[in-house]
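**Q** Chains G and V, in that order, are what the protein sequence lines are. Our numbering runs 99 ahead of the 1-based position in the first sequence. Our numbering runs 308 ahead of the 1-based position in the second sequence.
Don't take each hint at face value.
Said to hold, decoys possible - Below, a list of computed lysine-lysine pairs in the BS3-like style, where the Cα atoms sit at most 27 Å apart:
# : chain 1 : residue 1 : chain 2 : residue 2
1 : G       : K167      : V       : K835
2 : G       : K257      : V       : K361
3 : V       : K619      : G       : K119
4 : G       : K119      : G       : K203
5 : G       : K187      : G       : K121
6 : V       : K336      : G       : K313
If you're looking for bench data, these hints aren't it; they were derived computationally from the structure. Just so we're clear, the structure is a prediction, and the values are computed from it rather than from any experiment.
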Amino acid sequence: MPLKILVTAKRVEDPESKIKVKPDGTGIVTDGVNYKMNPFDEIAVEEALRLKEKHGGEVVVASIGADKSMTEIRAALAMGADRGILVKHDGPLDPFVVSAILDKLFEKEKPDLVLLGKQSIDDDQNQVGQYLAERRGLGQATFASKTESLESEAEQKKQPGVVLAADGKSLRVVREVDGGLVTVDVSLPAIVTCDLRLNKPRFASLPGIMKAKKKPVEEIVAASLGVDLAPKVAVKKLSEPPKRQGGLKVADVPELYAKLKGEAKVL
Amino acid sequence: MPDKKNASYVQSLCMGEIEEEIIVPFPKMEDGEKETLGQVLASVRQLLSGREKEFREWDVKAEMPAPFIEELRQFGLFGLVIPEAHGGIGFGSTAYSRVLQEIAKFDGSVALTVGAHSSIGMRGLLLFGTDAQKARWLPRLTTGEMIAAFCLTEPGAGSDAAAVRTTARRDGNDWILNGEKIWITNGGMADFFTVFAKTPDAQTGGKASLTAFVVTRDMPGVSTGPHEDKMGIRASSTTTVRMEDVRVPGDHVLGGVGQGFKAAMRILNAGRTGLGGGSVGGMKKLISLSARQAVDRQQFGRPISEFGMIKEKVGLMVVETFAAESVVSLVAGLIDQGYEDYAVEAAISKVFATEALYRVSDEALQIAGGNGFMREYPYEKAVRDCRINRIFEGTNEILRLFIALSAMNDVGQQLKELASVVKSGVADPIKGFGVLSGYAKKRASLATGLVGDKRSFTRLSPSVKHAAVVVEEATRDVAIAADRILRKHGGKVVGKQFATHRLADILIDLFVLSAVLSRVNSIVEEKGAEGAAQELAILEIFSGRARRRMRSNINRIDDNDDELVKVVADHAFEKEGYSWDTL
């Protein structure tokens, strides 16, 4: 059964960039910072493409943000997604608002499945997928993972970790939880968020990049969706983690004890 | 607007003129291509990162495994410069050069495999191919189903490309090719060979001239030799290509019978930004390695980055890289803007970038100390890999002669006109007077340093004034020097290699400085002088050093020890070696 899959591609700071907080703590210094697709979203795009390759259907990639988020949509299209939706919005958002926007996109697109990264690596909030499932009253499977190793033969052959049931009405998802794995079946339509060990995302080939330029991308102004765009969460201040102090060598246990008790005051 | 067919910034310098509008503003890539390039670079990084171990292994074994070549094919790296209509990416010179830069940050052999295909292997087909020829081969060259190789060099025809001995003789509509090419990059894996052979030319009364042919591996009589055991770029395929009575159909001729020498030169010129880009990539990688090494390595209780001699090395590595990047980008930008006479500029970018990389790799190894000499570190491979750059695609020596002699050509023309006018002056005094007084005026204004037409920059920001003056003064000096060299040696200047070498070095410094100047000027205009403090510092360093080098070269045009050096060299040739000992 062909699947229509909606997948997200958020624009985030490249984790390899050096991130510095502005002196006044209102944000980060963006000069010289590179951006890319949220790595968890890349995993979601990869999983969507594998499901489509197996069952047919369509992969629609959505991003919410300023015009520049088009780059991340094009990146997903270059990997193989079919078309894109850019919801244009400048200014701060929080998971509550993002899930409300995705809710509207769901209404419009009526996908069989929404695949999202479990969280984005900028704010690490891990809430959008859960909120969206709640708003739609749909089943959710968070932290989708894989039973076999990423180096396994199955992965080499790009076997999907999220498996569609024979009747096409539900998905079997292996979830990563503390201390192990849980397997759940979830009826379609469903919301699935993807964890790190679900797959190894492909990278776009040059012909893929050229093809992506011709794929359709719809642009929607966020304000036109009838959603309250005011974030419920306000960021008060950002600060860098305290600098690590250099270690020191001690001669023996009594000295160690004295330092821990006297200087570090942990005993 | 400058005439894009004939305008050349460097050739104008020798006439004492600064063709400012050719190089200012610094060329900028169009937004759409820039976005595509960004995606391509990101993908290239994903393809090649984390494979250092493999690259080193292939270097040791001197092979690039077939599955990896297949990965390159699937990835689409062989279609970079092929037009979209034929299934390629259709990148211009700037974007192409930037991709090679990215690949070279990871491995020289990979960059060369891709570069030899696109820069020169199939460039002849792109430049001179008929529509039918393009339709026939480009689709397969795009996918990498056919990998291309450029076959010019022979045992007796290295720098002297015209001495090719491979022959092509007519047989009905076909040609029969015989001969052997050596040191052919991609030879072992290529299916498409651009081969240069001597053909008897009817127009020159049967005197042989060069013709370019497309030869494919499936033709009976084509064979390639074993993988050469090289000093560097060891994983890249280098072999001989042999042709024994190879029957090549008439429609495999590229760019016309007898047009081969010109074609070869144009292919090499067009391909230079690829090698330049690769060199810049190598430098950027080495600076990352050296910066990290300098910060991490502790000696005398401090990181070595705190020591002046290390700072000097790394600082100058950055300046050289910025300069090389500027000149390579400028040349690529000129090509993309449609300038056709860029051969001298392209030659300068190749000479400067390849020598800068060699110096940078040597310093990077030195900063790493003993580790730099060990094979488990990346430095010795970098030094080995880049050494060939100064030799292939035209040795830097041949290119220096080309730079100086081409640039002096216009001055020579003027002098020749002058001479013929002097001779025929009596016959046509009016015409003679016009030419004479025009050149005399020019000479007079040069000598007195009067600010005349095109003697100075008019569009630059005041922040870069200092360096602009260096270019202006050196331009006046180089014009006087070119005039003096030509008056001294006349037509014999071709054989005066000490003098042409000096003039070439001056022109290299002058053009590279112009490129840095224009680039920094554009950055100042965008970010303001305060925001461009680093770039202005680089400009100041480079212009000061270039000025001193140019000054020294100009002074030595008349005051030198050339004749003594020749005597010593001839002595060594006669004795076939060194004649002294302290015993």
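**Q** Does each hint hold? Answer for all of them.
**A** The hints, checked one at a time:
In summary, the hint linking K167 of chain G to K835 of chain V is supported, as the alpha carbons are separated by about 21 Å, within the 27 Å threshold. For the hint linking K257 of chain G to K361 of chain V, the alpha-carbon distance of about 25 Å falls within 27 Å, and the restraint holds. Of the pairs offered as hints, the one joining K619 of chain V and K119 of chain G holds, with about 25 Å between alpha carbons and a cut-off of 27 Å not exceeded. With a CA separation close to 35 Å, the supplied pair K119 of chain G and K203 of chain G exceeds the 27 Å bound.
Straight-line distance between C-alpha atoms of K187 of chain G and K121 of chain G comes to about 26 Å, which keeps the hinted pair within the 27 Å bound. This hinted pair checks out: K336 of chain V and K313 of chain G have alpha carbons roughly 24 Å apart, not beyond 27 Å.
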